[in-house]
Structure formats: C-alpha cells, structure tokens
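From these two lone chains plus the hints, build me the complex, please.
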Amino acid sequence: MLDFLLRRLAQVLPTLLFVSMLIFGLQQLLPGDPARILAGEEQDPAVIAHLRERLHLDEPLPVRYAYWMGGVLRGDLGESLRTQQPVLDLVRQKLPVTLQLAAMAFVIALAIGIPAGIVAAVGRGTWWDSLANAVALWGISTPNFWLGILMILLFSVQLGWLPASGYVSPFEDLKASLASTIMPAFVLGNAIAGVLMRHTRSAMLQVLSADYIATARSKGLYERTVILKHALRNALTPVITLGALELGTLLSGAVLTEQVFSIPGFGKLIVDAVFNRDYAVVQGVVLVTATAYVALSLLADRAYFAANPKLRV
Amino acid sequence: MRDAGPWHQAWRRLRRRRSAMLALAVVAVFVALALLAPWLSPQDPIATSWSAIRKPPSAAHWFGTDEIGRDVLSRVVWGSRASLLAGLVSVSIALLLGVPLGLLAGLLGGGVDAFISRLTDAFLACPFLILAIALAAFLGPSLSNAMVAIGISATPIFVRLTRAQVLNVKVEAYVEAARALGNPPWRIAWRHVLPNATAPLIVQATLAVAGAVIAEASLSFLGLGQQPPAPSWGSMLNAAKNYIDQAPWMAVWPGLAIFGLVLSFNLLGDGLRDALDPRQR
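Chains A and B are the protein sequences, given in the same order.
Residue 151 in the working numbering sits at position 156 of the first sequence, and the numbers go up by one each step.
Convert by adding 186 to the 1-based position in the second sequence; the result is the number in the working numbering.
It should be emphasised that the hints constitute simulated quantities derived from the structure, not laboratory data.
Since this is a predicted model, take the numbers as computed values, not measurements.
Backbone N, C-alpha and C fix where the C-beta goes; we use that ideal spot for every residue, glycine too.
Accuracy of the hints is not assured; some may be wrong.
[Claimed, not checked] Just some of the chain A residues that point at chain B, by a computed CB distance under 10 Å:
#1 Leu105
#2 Val163
#3 Ser164
#4 Ser213
#5 Leu251
#6 Gln278
#7 Leu294
[Claimed, not checked] Some chain B residues well away from chain A (every beta-carbon gap over 10 Å; in silico):
#8 Leu208
#9 Leu321
#10 Glu358
#11 Asp456
The shape of chain B in the complex, shown without the other chains (with noise of 0.2 Å):
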C-alpha cells in the first residue's frame, strides 16, 4: 500500500486502546467459533434428544439443553455463523449501494443530487428495523432475505456519509488540479475522492455491522431470519422466551453471545474512530 504512513501511524494509535484490541481479540474469537464450528461444537446443533429435554448445564451440555434436547453450547457456536454472516453481508450491500450512490449525488451535483437525496431521506424516515421487517416480510422469512433487508435499511447513512465526505474534498485544489488535468470524472471520484473518504467509511461499517447483527437476531426473534431449525441466537431466544421460568440457561448464552459481538464491534468502531481522526476526540 502507497500510503501506508496514515495507515500504519494508525494502527498504532488503535494498538495502544486496549479496549479496542481486547474487542478485536473477541470478535476474532467469534469468527474463529464461526469457521470452526464443525470442529468446536461438542455435538450435532439440530439432534433433538427427547432423553434431555431442558436439562440445566452440566458436565455433558455446559449450557444446557433447550425444549427439544438439542445441546444449547452447540447452538450457540454455530449460531455465530448466521450473526457474522448477517453482519458482513449486510454492510457490504449497503457500501455496494451506498458509496457508489452517495459519490455520483456528491460529485454530479444538481437534480441527481437533490433525487439521491429525496429518496436517501425517505428510506431514513423508515425507522431502521420496522423497515427490515416491512422488507422481510414482503421478500418473504429467510437468514438471506434478512440479510437484503437489513442491507438495503443500513444503505442510506453510507449514502450520507459519503456524499458528504464528497462536498468537503470537492473543492480542496488537488480535485482541482486533477480535472484540470483531464481525468475522467470516474478517475477523480476512484484516485482522489473516495481515499480521502475511507477513514469515516470504516469507522461507520464498523459501527453498522453491531447494528446489523442485532437487526439480525431481532429479525430472527421475530421469525423473518434464520428459519427453523437451523441455529440462530435471535430464534434462540425467542423459544427461551416461553420457557424463561422452567429454563432460564436458554436465554443466558445466546443473548450473551449477541452482546458480546455487538459490544466487541461497537469498542472497535469507537476506537477506530479515534484512531483514524484523532481531531474528533
């Protein structure tokens, strides 16, 4: 990488947050449990055992069993597979769309800005997750379907952002200096435009897959993600839900689990925040 001053300076800065790292070891842990969870989980996540129907953690299940006897360790390792996924896939969708528009809205100005825009504050005026669920519902209830929801509904913040990194370079002499040297529009918004905006970028995909992964679970929870029986932390609650007097273990760790991954992006983005721009602190 040309620039890898800023970069490295940087990560240095993160380094030494160490709420930051201690956020990024977790959400490694997660994505190690993710990629290895044929391997991690002790038993099969789906195998209902009718013998160990909501039995409290022991030495056999360490977190227990759920209503049908399927080890709830299990589930909530290969749980992880479905919230990761949601949280990558999703913010990637909503850069895919986002950035592309928010640059064409900065850059070319007039009525294709003012339309980007319009629309941009429709979708914002949806509130995020009701729009999800307006979304998921009408795609129709699976983890792939979520996933588009929650994309499109995260979409316009990166339209925003970007547009408005956009406005703050545009003028700077060196965007100048390159149309009056003939680059194409597209080059100017590639070399000289988008670099300048991929510190604020980052920071925001990184605050937005926590958003995400909740959206995720709460889609789940509600039933328009990840469908039976396939493991979910979100469905994993909502059976927990009806049972939280007989078996209280079956809401702890999936929840935990739900927290402990937005919690861990959440530090990461704040501290990335502060590592990138030390001038917002």
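Same shape as in the complex, but just chain A (with noise of 0.2 Å):
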C-alpha cells in the first residue's frame, strides 16, 4: 500500500513539476517584450521598469523560472496587474462559489446519471438501454453556455421563475442562493451526467454477469436486491472514482456556466483576467487547477485502491 501511494507520488512530482515549466512557459508566447505587453495600453515607463524588476525579464529563463517557482513553493502566485491583488487571495475569493456549484453539479450528475447507468444495464438492448443511451449523448453533446442561455430563455424569462443572473452566497441566504445556482448547477451536472452513466452502465453490466449475482438469484432474492445491493455496491466503486475525474470537466465547463449567469467564480476570474490581459491570474488559476487536479486523481487511486482488495496483492 504504501510502496504503491510512494510510486504513485514518485510518478506525480515530475508531473507537476512538468505543468509548473508549462504555466511558466506560457509567458514565452507572447510576441515580443512581456514587460510592455503586461503594462497594457499606457505604456508608463515606470510600471514597464517595476515589471522588469519584479519578473526579473533580464535574467536568463531558467533564473527567472527559479524565482516563478520559488515564490509559488512559498504560495506567491504572484499579483494582479489590474487590481495589485495577490493572485492567491483572488483564487481564495472566487473558488468556494465555483466549489459550491461543482458540488451540486456532482450530485446533480450522479442522480441523473447512476440511475440511468442502472436501467440501461439491466435491461440491456431494451427501449430503456436506448433512451438512456440518448440522455448520456444529450449530455455529452450539448454546448452547455447554450443550455444555459436557453434555461434562462424558459425559467427567467418566460416562467419568471428563477434569476437569470448573479450569486448569492448561502450563508447570506440559502433559499436565494439555491435559486441563484439550480440553473448553473444543472447545465454543469447535464455535462457530466452522460459520462458518468455510461461508467455505470458498463460496471454494472460487468458485475452483473459474475457468479455471486447468479448465487444471490438463486437464492431467490428479490431481483431489486440482487440489482441494488449486491450488484450496484460493487459497481459504483469505478464509477465514484472515474467520476471524480470529472472535475477537470466541472471546471472547464465553470468557465462558460459563470460567464453565461454571470456568476463571479473561478471561470469568471480567469476570463476576466484574460481580457484585463492580466496574465499573473491566469497562470495562477491554470496552476490552482493542475494541482488540484492531480491531487484529486491521487485521491481518487487512493480511494479506488482501498477499495479493491486484489490490487493489494
């Protein structure tokens, strides 16, 4: 067990390593002087100097990469040019809103899309198997900032329903913010839904040709315990952990969610910050998310390890 969590993060360290040089790099794309890019259209001579010195641009690249990274090891993201905020109390701000609409989006997704994975496995090449099939490519196949638009289009404007726009945070007012995120929330889940049940539909139909479940038939439980208990226990196991995979999904799927329901989170901060051509953030939110990302699917083996007892061997 721990040999393999040692190997894993021993595989995971270059990894990050790799995306740090990636997000440092990417300041290498843009045509010409950084120092006069980054200093917008006033062009101050001052602020192009300050920006020189605090990017050290008259280093070579590996020294100025040692001072990026120096600073990030120490959680110096950096700061942003716009409003000389440090980048990681931006991404502090922002991300518990995007957290709060990727969680109800994750159950959201795991409520369409579980039961689906089920009744399409059971009945396997039913009408049930193909309309389940349809909701997962629905899924999978919709612009989710159009779903958003046309959400708003029936529930704000027709229905009058719900907002078509702006955040309330829950703990101003819970029934507000619920109303404020259910739309957001669904067109994110809607995306994720498809995927997770074509896991689970596969794990299910899987475990559902081993010899226990012919047991527990024979035995003569109800069909619905053989199904819900014996069978689903053991595959929702990939499914759970293939799901939290999704995350990278959830996020860039934040993006498009927030700028459509103007929701100030983690997506909008980073597209805002690509139009304030405010790069520091940038960098600092495609970071965020890397790690994240990577500590999630360590989680996620982690997790898929405990488990499955015959990985142990």
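What follows is the structure in structure tokens.
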C-alpha cells in the first residue's frame, strides 16, 4: 500500500514540475517584450521598469523560472496587474463559489447518471437502454453555454421562476443561493451525467455477469435486492473514482457557465483576467486547477485501491 | 488498399447502424453548407441593416436577424466554416503531434517514455478548455490561434492512445519477426505497429472532432476565437445572450447547429467504435 502510494507520488512530482514549467512557459508565447505587453495600453515607463524588475526579465530563462517557482512554493502566485491583489487571495475569494456550483453539479450528475446507467444495464438492448443512451449523448453533445441560455429563456424570461444571473452566498440567504445556482449547476451536471451513465452502465454489465450475482438470484432474492444491494455496491466504486476525475470537465464547464449566468467564481476570474491581459492571474488559476486535479486523481487512485483488495497483492 | 478485407467489413457493419449513417448524412450536409456557403447563403453574412434589427423569423429572414440587422440564417451557414475548420485542423494538429510522440514513447521505452509520459500527464492535468483558454489568451485571440490552442490541448489523448497500442503490439511475434529480419525501427513503427493502432485512432479522432467543435464554439463565445464580424456559432451565441428576452431566435439556431454537428460526430464515433472493434460491444 505504502509502496504503491510512494510510486504514485514519484510519478506525480515530475508531473507537477512539468505543469509548472508549462504554465511558466506560457509567458514565452507572448509576442515581444512581456513587460511592455503586461504594462497595458498606457505603456508607463515606471510600470515597465517595475515589471522588468519584478519578473526578473533581465535574467536568463532558467533563473526567471527558479524565481517564479520559488515564489509559488512559498504560496506567492504573483499579483494581479489590475488590482494589485495577490493572485492567491483572488483564487481564495472565487474558488468557494465555483466549488459550491461543482458540488451541486456533481450531485445532480449522480442523480441522473447512476439511475440511468442501472436502467440501461439491466434492460440492456431494450428501449430503456436506448433512452438512457440518448440522455448520455444529449449530455455530452450539448454546449453548456447554449443550454444555459435556453434555461434562462425558459425559467427566467418566460416563466419568471428563477433569476437569470447573479449569485447569492448560501451563508447570506440559503434559498436565494439555491435559486441563483440551480440552473448553472444543472447545466454543469448535465454534461457529466452522460459520462457517469456510461461508466455505470459498463460497470453494472460487468458485475451482473459475475457468479455471485447468479448465486444471489438462485437464493431466491428479489431482483431489486440483487441489483441494488449486490451488484450496484460493487459497480459504484469505479464509477465514483472515474467520476471524481470529471472535476476537469466541471471546471472547464464552469468557465462558460459562470460567464452565461454572471456568477463571480473561478471561471469568471480566468475569463476576466484574459480580457484584462492579467497574465499572472491566468497562470495562477491554471496552476491551482492543475494541482487540484493531480491531487484529486491521487485521492481517487487511493480510494480505488482501498476499495479493491485485489490490487493489494 | 491491400487490407481491404477488414475495412470493408467494418464499413458494412457501420452501414447497418442507422444512427451512425444518419450522423454521417448530417455531417455531409454541414460540409456541403461550408463548401457551398457563398451560393447557399441567402444573404451577405456581414451585411448590416439598420432597418432590420432583431426582426423575428419571416419569409425574408427565415431565422430572423441579429442586433445589427444581419441575417441569422446566412451567418449560421457561413459559421459552419469556422466550426468544421476548427474541428479538422485542431484534430490534425493533435494527430500530427500525438501519434509520433506516442510511437516514440512506446517503441523506445526507458527515459524517453518516462519523459513523454510525464509531459503528457502534465498537459492532462490542466482541464482541456482551461488550457485552451490560457494558450489562446497568450497567443492572442484569433481563429487560427484558437485552433492551435485546441489542437495542443487535445494532443495528450493521442499520445496516450498511440503509446498504449504500441505497447500492446510490441510483444507480438510478427513485430519480433520484423525486428529479427533487420527492419529499422521507423519501418517497424510505420508498417507493423501503426496499422494496428489505426482503428482506435480513427474512433478517437472522430470523437475529438466533436470536442474540438465545442471547444471552438466555447472560445469564440468567450471572444477568444473567430473575431467579429466574421461569423462563428460561438460568437453568435455570445451576442444572443444579451438579447435573450427580446430576440430568442438569435440564440436558438446557432446553438442548434453546434448541437447537431457535435451530436453527429459523437454518434459517428460511437458507430465507428462498434464497427471497427466488435469486441468492445
């Protein structure tokens, strides 16, 4: 077990090192002198000089990387060129909003994807299977910003049930918070429900052909018990771990969804940063996202490992 | 083609799948729209008209007009160019980068493999769209940069897939035999290993086109892809968002077009998977 984790950690560290180089390297893509580009339209010489010094632009590339990485390791992701706020503070402010959305989206995705996957596997080849597959395809193929716009059209413009945009924190007003996040959460969850359905279906099909299921059936158990208690429990492990890896899809989706619903989260942070040419913020956001993803996949691996005694041999 | 046998069989299996054939037909329609846009589009897609601002669908404008009086139908027709181009170009970039890297990693093994694999992991750790946004932001907003950004972001999947296929066939006796006969490594890769990786690569490439079409629409929606006034479904939706209560038709058609094209490539990919690899059923 420890051996396995150490081996994974040995893989993860170089990955993170590459991630940091990749993100640092983005700066090299800027055409021309970074300090001039970062200084924005005013081209104030004082600002340019300040940036030169801050970014160590007169030093060679590896030295600059070392400076930058040293800062990152101390928790200094640079500061926003617009607001002069530390990037880490911005991330800390915006991340909870997106995490709330992501958590709600994941619950919605589980609520749609797992039952649909069970139904599809149990009724393999039937009309139910086709229906569940259609739901999955719909989820995977719908651009989520379009679905968001259509939902605003229906629920906000036509029916007037939900606010079209904005965000209320659950600590202020729980009901208003749910009303402001349910549509974007559904849009995000819808995209992952299809993936979860496909994972559930194939995991269930595999489990249902196992001998112990035949045993359970021959004991005279109700079909419902066999499926929900005996089969589902074993099928769910890979589904949950694979589902956890959909965090990337969630965060990608959040960028668009937050834009559609004007929600001041993580996704809006990166989009605004892109338009303000606030490159340090873009780099910081990507770095935090990638690190979170690597950490989560490590956790998912561990969960998979814990749930699979066979792997321990 | 010498090995027409298995490919012919695969085509026969694909033809039996109604959803895949329907999807193929829809893709063909979009390709025709893109190629014949100058002749099929009823009006100039960038001609504005102050007398026809946000007009609902009518005989003159089947899909209505947008916020500066442009014909939505013409823009949807022309927009198919940006979407299909982005789909094809970015997936080609991903294939051209990913397949050789995957072959190298799989065939050479050792340090090269470790390096390429960790690099791939690093790219995969950044969510696809966020990486594409970051790349497009640093490269500068334009359709061609968006295609490069999407292509690079889609590359790691192809590296992994090719590498896995290579590892599968590397131990087969016929590869061993080819090596024993003194074939150089590149020839083994090209003649013996790659043909066996083609089927999964075709499936993945088809699904990747679907992803790239959505990604282009997403980047254009955010203003990082096709620049105005050139039409793109994503940027049309971005404008539509602001007039959702007054001109809903502006949002319906471009979205439907993205959905139709993406769904078709996804269905086609699923169909190809079943046709090319019946064992996976």
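We went through each hint and held it up to the structure:
1. Leu105: Hint on Leu105(A): violated, closest Cβ of chain B at ~20 Å, above 10 Å.
2. Val163: violated, 21 Å
3. Ser164: violated, 24 Å
4. Ser213: Constraint on Ser213(A) not satisfied, violated at 27 Å.
5. Leu251: holds, 6 Å
6. Gln278: Holds. Min distance 8 Å.
7. Leu294: Violated, because the Cβ-Cβ distance from Leu294(A) to chain B comes to roughly 14 Å (cut-off 10 Å).
8. Leu208: holds, 12 Å
9. Leu321: It is violated; Leu321(B) is separated from chain A by about 7 Å at its closest Cβ, not greater than 10 Å.
10. Glu358: holds, 26 Å
11. Asp456: violated, 8 Å
Of the hints listed earlier, those the structure fails to meet are numbers 1, 2, 3, 4, 7, 9 and 11, in rising order.
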